[in-house]
Amino acid sequence: QQQVKQSPQSLIVQKGGISIINCAYENTAFDYFPWYQQFPGKGPALLIAIRPDVSEKKEGRFTISFNKSAKQFSLHIMDSQPGDSATYFCAAKLSGGSNYKLTFGKGTLLTVNP
Amino acid sequence: NAGVTQTPKFQVLKTGQSMTLQCAQDMNHEYMSWYRQDPGMGLRLIHYSVGAGITDQGEVPNGYNVSRSTTEDFPLRLLSAAPSQTSVYFCASSYSGELFFGEGSRLTVL
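Sequence order for the protein chains is A and B. For what it's worth, our numbering labels the leading residue of the first sequence as 1, then goes sequentially. For what it's worth, our numbering labels the leading residue of the second sequence as 1, then goes sequentially.
Treat the hints with care, as some may be off.
[Claimed, not checked] Dumping the calculated DMTMM-like pairs for lysine to aspartate or glutamate here, alpha-carbon to alpha-carbon at most 20 Å:
| id | chain 1 | residue 1 | chain 2 | residue 2 |
| --- | --- | --- | --- | --- |
| 1 | A | K101 | B | D56 |
| 2 | A | K42 | B | E103 |
| 3 | A | K15 | A | D84 |
| 4 | A | K68 | A | D31 |
| 5 | A | K101 | B | E30 |
| 6 | A | K101 | A | D31 |
To be clear, the hints were calculated from the coordinates, so they are not data collected in a lab. Computed from a prediction, not measured in an experiment: that's the story for all the values here.
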């Protein structure tokens, strides 16, 4: 049972364009929604995260939009650069305690052409 | 400050062999976990630990054992390797929700 569904599987964007990656979840007990960025040969690293009490969070060129009623959240990369080419994973965490286990989406391979 | 260190980075095993993937963190994080990454499957949780002496199963625990005798170390053991365990394995630790990942261990089982 996949609890976090991510789309698209791959995405090609021209330099300067907007990259949009979408995720949907089913479990309303999730209370933390991070996005991780992974470069080839490296481990994933936290990019940006949001909690369900806000609808949007922006850090530089990266923005998370969150729709609690639709149980969806998305990552927007403005002015996409070739250096943004990587695999992006959305994730979700159940509320409560010190258990930080994340459920990940299947990932999106982003290619930004120069 | 090394963060999360995984060894080995690459390993080739024959079916039925056993091995241990090592993971060490120097951030004094209580939470540690192991994920496997397969093409098109994302990151799937194998086992996790919320502190020394406490471990629990994740989404795909079969064929793997873990133990947590110290805060720093969280080894992952394959008792009898199978080709289905060919994957890239990531160890991660956390204090406040953000997972810090190692650089991965690529395992091939022939």
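Comparing the hints with the structure gives:
1. A/K101 <-> B/D56: holds, 11 Å
2. A/K42 <-> B/E103: holds, 5 Å
3. A/K15 <-> A/D84: holds, 10 Å
4. A/K68 <-> A/D31: holds, 10 Å
5. A/K101 <-> B/E30: Distance ~12 Å between A/K101 and B/E30 Cα, so the pair holds.
6. A/K101 <-> A/D31: Holds, because 12 Å separates the two Cα atoms, which is no more than 20 Å.
In the structure shown, no violation is registered for any of the earlier numbered hints.
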